[in-house]
Amino acid sequence: MDQARPGRDILDRALRASWIAALALAAAVAPGRPRDAAAILAGQLLAFLHFIFLRKIVKLFTEGGRDPRLALAIGAKVVLVYGGLAGLITLGGVRYVPLCVGFALPFLTLFLKSIMLALGAGPASLTARRATETARSFGNAAKPAVFLLLLGAAVLLAFSALPGAALADEAAHGAPAAQEATATHHAEEGAAELPNWLVILHDFNPGNPVIDWLEKNQVIVFAWIAGLLFLLVSWLAMRKPKMVPGPFQNGVEWMVESMEEVCGGLLGPQIDKHFPLIGALFFYILTINMLGIIPGMKSATSSLDLTLALALITFLYVQFWGIRNLGILGYLDHLAGSPRDAIGWAMLPVMLPVHILGELAKPVSLSCRLFGNIFGEDTLIVVFVGATALLIKASLVALAVPPMAGITALFMMLQTLTSIVQALIFSLLATVYLYMMLPHEAHAHEEAHETH
Amino acid sequence: MAGKTPKKVTGWRQVGLLTSIPFILALAPIIGLVIGQQLERHFRTPSWLTYVLCGLGFVAGVRETIKIVKLSQQED
Numbered sequence: 001m002d003q004a005r006p007g008r009d010i011l012d013r014a015l016r017a018s019w020i021a022a023l024a025l026a027a028a029v030a031p032g033r034p035r036d037a038a039a040i041l042a043g044q045l046l047a048f049l050h051f052i053f054l055r056k057i058v059k060l061f062t063e064g065g066r067d068p069r070l071a072l073a074i075g076a077k078v079v080l081v082y083g084g085l086a087g088l089i090t091l092g093g094v095r096y097v098p099l100c101v102g103f104a105l106p107f108l109t110l111f112l113k114s115i116m117l118a119l120g121a122g123p124a125s126l127t128a129r130r131a132t133e134t135a136r137s138f139g140n141a142a143k144p145a146v147f148l149l150l151l152g153a154a155v156l157l158a159f160s161a162l163p164g165a166a167l168a169d170e171a172a173h174g175a176p177a178a179q180e181a182t183a184t185h186h187a188e189e190g191a192a193e194l195p196n197w198l199v200i201l202h203d204f205n206p207g208n209p210v211i212d213w214l215e216k217n218q219v220i221v222f223a224w225i226a227g228l229l230f231l232l233v234s235w236l237a238m239r240k241p242k243m244v245p246g247p248f249q250n251g252v253e254w255m256v257e258s259m260e261e262v263c264g265g266l267l268g269p270q271i272d273k274h275f276p277l278i279g280a281l282f283f284y285i286l287t288i289n290m291l292g293i294i295p296g297m298k299s300a301t302s303s304l305d306l307t308l309a310l311a312l313i314t315f316l317y318v319q320f321w322g323i324r325n326l327g328i329l330g331y332l333d334h335l336a337g338s339p340r341d342a343i344g345w346a347m348l349p350v351m352l353p354v355h356i357l358g359e360l361a362k363p364v365s366l367s368c369r370l371f372g373n374i375f376g377e378d379t380l381i382v383v384f385v386g387a388t389a390l391l392i393k394a395s396l397v398a399l400a401v402p403p404m405a406g407i408t409a410l411f412m413m414l415q416t417l418t419s420i421v422q423a424l425i426f427s428l429l430a431t432v433y434l435y436m437m438l439p440h441e442a443h444a445h446e447e448a449h450e451t452h
Numbered sequence: 453m454a455g456k457t458p459k460k461v462t463g464w465r466q467v468g469l470l471t472s473i474p475f476i477l478a479l480a481p482i483i484g485l486v487i488g489q490q491l492e493r494h495f496r497t498p499s500w501l502t503y504v505l506c507g508l509g510f511v512a513g514v515r516e517t518i519k520i521v522k523l524s525q526q527e528d
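Line by line, the protein sequences give chains A and B. Counting in our numbering, the first sequence runs from 1 upward without gaps. Counting in our numbering, the second sequence runs from 453 upward without gaps.
For the record, the hints were derived by calculation from the structure and aren't laboratory data. Nothing here was measured: the structure is a model prediction, and the numbers come from that model. Check before you lean on any hint, since a few could be wrong.
Capping the alpha-carbon separation at 30 Å, the derived lysine-lysine pairs in DSSO-like fashion look like this [said to hold, decoys possible]:
no.	chain 1	residue 1	chain 2	residue 2
1	B	K519	A	K273
2	B	K522	A	K59
3	B	K519	A	K393
4	A	K77	A	K56
Hey, can you work out the whole structure from these sequences and the hints?
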């Protein structure tokens, strides 16, 4: 049985992984942009030094005493890391984006490593230590299968990226004006995501009004597809419910009941009233996020429009239940910070806008977080799939497929994990916001305590 | 159903709550700023309204953060 490993080990492994990622990224970028490759490596080196010094400083600080080495370590960190960053930007003429990418890599790998450990995907994870031998052997057999599946999907994605590149090439060599316009359109978009089937359809049928409309409103189209998929799965599972359910009904029931249990832990008996929305939010966001993993599809949550709409629904729902439970006067009293004395009333002009701004910040933070995470995942996949596609196009298949597709498959695995985590966090936070609005004994006690 | 919650799930709730702090801290003053600018444009008032609402947004962000930290430490 594995023992819990100290945080030092996790940091070491994350730093090692970040060096591998940085070297792979720099190698992919180096042929076209050698300065950017150097900037990525410089950023990685500075972030690496940052962590090394930080670990030393924390160690010296926690050991206590006024060790002169503490001041030395802090001084060295400031000079080398911050001075190095400032020097590179001002004197070296390094571009910000590759430098930031390099600098962010150790942070990203550390973050992903933590998620993997928390979810039980690592050898030192909490769940691996608790797992039974049977479950572990099943897990060990399933992991390579999932990895191979994702590897296949990654290679498929790399090939799906090729028609776009080929079209751009043709346009550059004097192809018809329509194709040139399409290539320019892609260049303007900045290739922040892989071409989905609607974009490919649009590339091959320029000028078709229906396809034009679908391509322009692809976020809505993919949100509908996810909604229909969600409805289809729900309908198939509950079409003929049985007392002794089959595997499909059992699986869906297990997912719904688990989610209900999670939210019920916070809302208590009131969960029955609110679970239809919270559960729908979770499964809908999960379906949308997972759609992005399928080659040729797109995660509609990588658009701020959709995440803002979902957060707005949550916000309106929470406010509606706030008014319904507290009444109009109670709701206004809640917004005003429940003033009960002269000071409270005197502070009303300040507290009212503070409360309103606080309420508004919640949905915006919900939407920005979901959008940022999914968009970031998509962009990461694009970077690696793009590099693979370029290498395949340059007939460097042997170099492209094993390492680059492997890295892409790893990122897709992480995308699967973060898709679930983001859907869970969105719905859990919606539950928490609802809990904060509903009358609740502990909450009321807390508010009364705050007032006094 | 509404009984015990696994520890890991409580952990995820904490992760969700605590990771929303930077968003709330950053977004609340921005929302105040945007609302202030819109109100100024609408009522043609001098620029103090933007600064006041931006400051109140910052206060709201800090206040929400304190609430979130308290909530994240609360047992189910």
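* Asked: Which hints from the list above does the structure break, by number from lowest to highest?
  -> 3
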